Amino acid sequence: MDSFLDSLPALVDDIKAIKDIIITNIVLIGQTPAPTFKEKRRGIVFMERMAEFGVDEVTTDGYRNPIGIIRGTSSEKPPIFVVAHLDTFFEKDIVHNYTIKENTITGPGILDNSLGVGVLLSLPIIFQKLDLAFESDIVLAGTIQSIGKGNLRGVRHLLKTWPTPIRGGICIEGVELGRLNYFSDGMIRGEVACSISEEKGIMHKYTPNAILILNEVINGLMKLSLPQRPRSKVVIGKISGGANHGKIAYDATLGFEIRSDSYKMVKSIYNDIRDIVDGIAHENEVGLTIKTISNLRAARLKFNHPLVKSSAAVLETLGIKPISKSTESAQSIFLSRRIPAVTLGITYGENYYTSKATMEIEPMFKGIAQILGVLKAIDSGVCDEP
Amino acid sequence: MSHKWLDNNTFHYSDFKDLFGLVEEKQKKDLKISLCLPTLNEEKTIAKEIIVMKSELMTRYPLVDEIVVIDSGSTDNTVNIAKSFGADVYDANEILPHLEKFKGKGENLWKALYITKGDIIVYIDADIKNIHHRFAYGLIGPLLLYDHIKYAKAFYDRPISIGKNKIRPTGGGRVTELVIRPLFSLFFPELTQIIQPLSGEYAGYRDVLDKIPFPIGYGVETSMILDIYEKWGLDVIAQVDLDRRIHRNQDTKALGRMSFAILKTFINRQKRSGLIELKNNLYDEIIQYNLVESQYQPDALKIVGFERPPMIEIPEYCEKFNIKN
Chain C
3 MDSFLDSLPA LVDDIKAIKD IIITNIVLIG QTPAPTFKEK RRGIVFMERM AEFGVDEVTT
63 DGYRNPIGII RGTSSEKPPI FVVAHLDTFF EKDIVHNYTI KENTITGPGI LDNSLGVGVL
123 LSLPIIFQKL DLAFESDIVL AGTIQSIGKG NLRGVRHLLK TWPTPIRGGI CIEGVELGRL
183 NYFSDGMIRG EVACSISEEK GIMHKYTPNA ILILNEVING LMKLSLPQRP RSKVVIGKIS
243 GGANHGKIAY DATLGFEIRS DSYKMVKSIY NDIRDIVDGI AHENEVGLTI KTISNLRAAR
303 LKFNHPLVKS SAAVLETLGI KPISKSTESA QSIFLSRRIP AVTLGITYGE NYYTSKATME
363 IEPMFKGIAQ ILGVLKAIDS GVCDEP
Chain Z
36 MSHKWLDNNT FHYSDFKDLF GLVEEKQKKD LKISLCLPTL NEEKTIAKEI IVMKSELMTR
96 YPLVDEIVVI DSGSTDNTVN IAKSFGADVY DANEILPHLE KFKGKGENLW KALYITKGDI
156 IVYIDADIKN IHHRFAYGLI GPLLLYDHIK YAKAFYDRPI SIGKNKIRPT GGGRVTELVI
216 RPLFSLFFPE LTQIIQPLSG EYAGYRDVLD KIPFPIGYGV ETSMILDIYE KWGLDVIAQV
276 DLDRRIHRNQ DTKALGRMSF AILKTFINRQ KRSGLIELKN NLYDEIIQYN LVESQYQPDA
336 LKIVGFERPP MIEIPEYCEK FNIKN
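So the sequence lines, in the order shown, correspond to chains C and Z. Residue numbering for the first sequence follows this note's numbering, beginning at 3 and increasing consecutively. Residue numbering for the second sequence follows this note's numbering, beginning at 36 and increasing consecutively.
If we strip away everything but chain Z, and leave its shape as in the complex, we get (with noise of 0.2 angstroms):
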């Protein structure tokens, strides 16, 4: 297998620091940019977040357009700091209110680009704690410089938080090397050059966004790989090293949990291909087990996988954006 696309289509954040140049080169495409928070209970960090991307690629440099934050119904104090410093907030459920409503992740990111106004939305998770704005001009960076490139994707060292204030200097990404990196060396040996495919940082063209399906869970970010290679193939993806993120650290049953989802995303769209074939539907439980007073006890979770159709197919949104089918 060729290594091609790895060797071209890999940068490091540093190749886009000149933010100045990404201005002007924002200005001379006449874009506009939108940055994407999904939020659910991140009172912890969201203030910080909006603070140091306001700053830096608003205010010093008119990088990004606007910060909108989707949030999934918090019930900390999320929604009123991020107002209070400055962002655009908005209740998930509030947007296309008649449409049946879910919770999760994709569903905010796929409920931002009928909010957004941009050209190119940059999606960061929340909940990021060492944050700084090169989170989000690493992914723009490639965007704007290269005509190819429409879609760019993050990965980073990363340690993770253990106990009380330590940090593990590596570690984290045991979904991608158990799930994802396996399925995708069965199915797509190409797509095995993605480094972290999990990663919750991306940032894309609207016009390749909106022709997508969103599952609304944990399968989001699988999902929007495996359709963007389809459709327009590995070249307009790029990666992005993004240094160091620093993570919450999640038990072994979470991640079992976002396996199941990216498990049945995966398989759900390879039949529809028609590259597996099925006798039976997957089922929509995960089962785990707990030990409680000796005796082991099933905890089963419904995870349906529902997906969001492109969001170019929603008339009100081809409306708003004065797009024609």
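So that you can see chain C by itself, here it is in the shape it has in the complex (with noise of 0.2 angstroms):
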């Protein structure tokens, strides 16, 4: 491993040679809307692009999740994962034409996650023409239903009904190059919506106004006393509702999320916010309810874990300063199911969930190498030890 590790920096050149097929991936991936539940052209498209390459093997799972799998050398081993979501937030009537300029690519979704997908598929290729083999079978999945009410519902079956024991995982994301993600909190987003029935705001006194009703509501929120530890927050993200500026609004619609080590605080604050509702839905007499998006339970491997440390040894190696967060990515279920996982990201860019969103070409081919690392370092045992 020590050998491969030492070649790294070299191999980003090589990478780069290749940087018409990369990006005519990331294009051809970005360029097929995919958003959540409707990822069956892009994942059409993604086997297709497999079966091309030479991958060994090109199917999908049980639930659709589309597939490539690259046979390894030994049948001892048992197959190491990479994965990318294949959803996006836009929907297909958005324009998803990608403009490619000297060092950038623009365009919906490219961040999150057309990058990593096109990148995740240029694997194959990578493999070839760097002549790199694997003594475990390599699993490339673009998985579905990941975002938001997906609930990451594609790698939870993929995981669930994977028939041999798994040896490691990556996750791939398009931004940021550093990041390091061995570690998720415990999460569970919800929503609370306020409906007032146009008959009964005539039959009010004082017609309610569901936006109020949830400013109410944030303001019992503001109340809630979180505890320093475990380390706990919950997050206010979007809020809608009304019609017009004159015309009390008869929906409104508020987006939270709530963040804690411990999933049993974060189920507890949920449960507060329960109550919350509840009281205001009864003391207003209007439509009041909340309801859970998606959730995630904590999860995480220990800093010293020979997978985090080789995998901080191959970002160093290439220059790259790791940077380790939380994230509510496909490595929470990997980790949940006791399979070690990481997440990377491939390059840097801006305007993240924008139609223009942007990604710069150049450090990408460093965020490819640092991927072919960590396989190899997995590849060579760190997360075979118990």
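By construction, these hints were calculated from the structure, which means they are not laboratory data. Since the model is a prediction, treat every value here as computed from it, not as a measurement. Treat the hints loosely; a few may be bogus.
Which bits of chain C does chain Z cover? Going by a derived footprint, with three or more residues having C-beta under 8 angstroms, they are [what the hints assert, rightly or not]:
#1 12-25
#2 272-284
Simulated pairs of lysine to any residue, SDA-like, Cα-Cα distance not exceeding 25 angstroms [stated by the list, open to error]:
#3 LYS67/Z - ASP95/C
#4 LYS18/C - THR94/Z
#5 LYS152/Z - SER119/Z
#6 LYS378/C - ILE341/C
#7 LYS79/Z - ASP95/C
#8 LYS21/C - THR94/Z
#9 LYS18/C - GLU101/Z
Cβ coordinates follow ideal geometry from the N, Cα and C atoms, glycine included.
Grab the two chains, each in its own frame, and use the hints to assemble them into the complex.
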């Protein structure tokens, strides 16, 4: 492994030599819209490209996650998974055409996560060009239904139903280069919805306003006492409602996220919020509901886990400073199933969630080299200790 | 009227997706293929076209031998971007520089015949937003696999870009339906089987393309079809469904100017062949009106409709390609 680590910086130029193919993969995947729950077309492109690149097996699992498998040299070793989520935030009728300039690519969904999927698709040809072989089978999976209400269903199903043990996993995200995620907070994303029927509005002496009702909910959230340990927080991330400036709002929704080191604490805070919502609904006689959109249990590798240490070494060898934060990606599903896994970012970018999301091309080649380094580390056994 | 041609000479790009097979056929026939992208201020799309074509049809499958950009004097970053992604870039004015200089797509396509080396030349507009290598291999396919076919033309479902980042699923093709199709119906009903005669993507054998004149502007697509039809008949032409092409939507006035050039090309050709007789020469200006401060003001634009002669009549070309007339 050490000799491979030493050769890693030189591989960056070898990867760059096939940049046309890598960029083409990013563009062809990115220009195929894939809003959550509607990833079928992108899945087909994924499998067609995998087949063209001569991957040993191209298939889908029972949940229609598209998968390519590159057979390893040893039948004894469990497979290594590399995953990137297929779905993006953008609906089908948004123009998904990318603009390439000298050092950037711009377009909706590129950073989350068309770039990741494009790089995943390029791995077979990169392995071929760099003459890289692995003992383990390498399973390349584009997982569906990850974002928002998708609640990581694709990767949950993939790992739950995979028939053999899994050696380790790498989750690819578009940005930022340097991220080395190895732990996930417990998390619940929820939505509070207020709906006032117009008829009921007329019957009220003072017609309730859905936005003001949600304001009361927010005031209630602000009064919550959150513990220092386990570290916990509530983020109010989305609000929408009303029809126009001069009309009382009959509908409004509030999106929030609870995070904590402890999933027990997440659930406790969620119950507190439910009590607040029930109380306000009762006092104001309005339709006020709370529901869970997605949830994750807290899971982590230790900082001194061989995979974390090796991954950090790979990044440092390439001159990338590792940055560790919690992530709510597919990695948490790996970890919750006791499969060691890390999440890596490919390059730098800006305007993440807009249609003008832009990635930098040049740093991407180091980002890809780090994936090769971590793959080699897993293949050399850093995840094999119990 | 028989629709035999429509049935026999219409293909779908997926008929040619065996790229390995196409490369084999190309090598067996010992052919070279050039891809030409005519440009004028296409910095937003040119890099993507070059990268996708280079990756898929040069690096992965050696189907295309060269990508040549012929630029009409872009004032944006088109030229630098095209060079940086590995295309051979030429300023149209510097090709055959002793000839009178003109600006237009047809001019670039004509000069590409002199610059490129291929036996087959594929012309693809540089403003395609959803570029895919099918735009090239779909057109090359029938030329390689069917010996009688010498010219292949694209047709598509044509969504158009509207407003901010939105597309309308169907539309476009207004000039085709309002100008070309009525003209073809009146004069050459057989040609109405060509679904999109104005599509900007086509490919042909050099020894066909160098024997026809090229209008320097919008009329080039119409004239190519008319001239190839007249010289070799409809059977040498194929049309290929390339699925979807997203392009810029043009306003009605721009389409009016395009229609003017096409009508002029068409009428001049029919006059030359004796099919119609005109008592006067056609005028050179399209006059459109704008409402400015409650008054209609004319806006006249001169469209001369100059044509380049068949390239084979240019001595430098014959010398370069060792052609003896």
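Which hint numbers does the structure go against, in order from smallest to largest? Going through the list in order, the structure violates hints 2 and 3 and respects the others.
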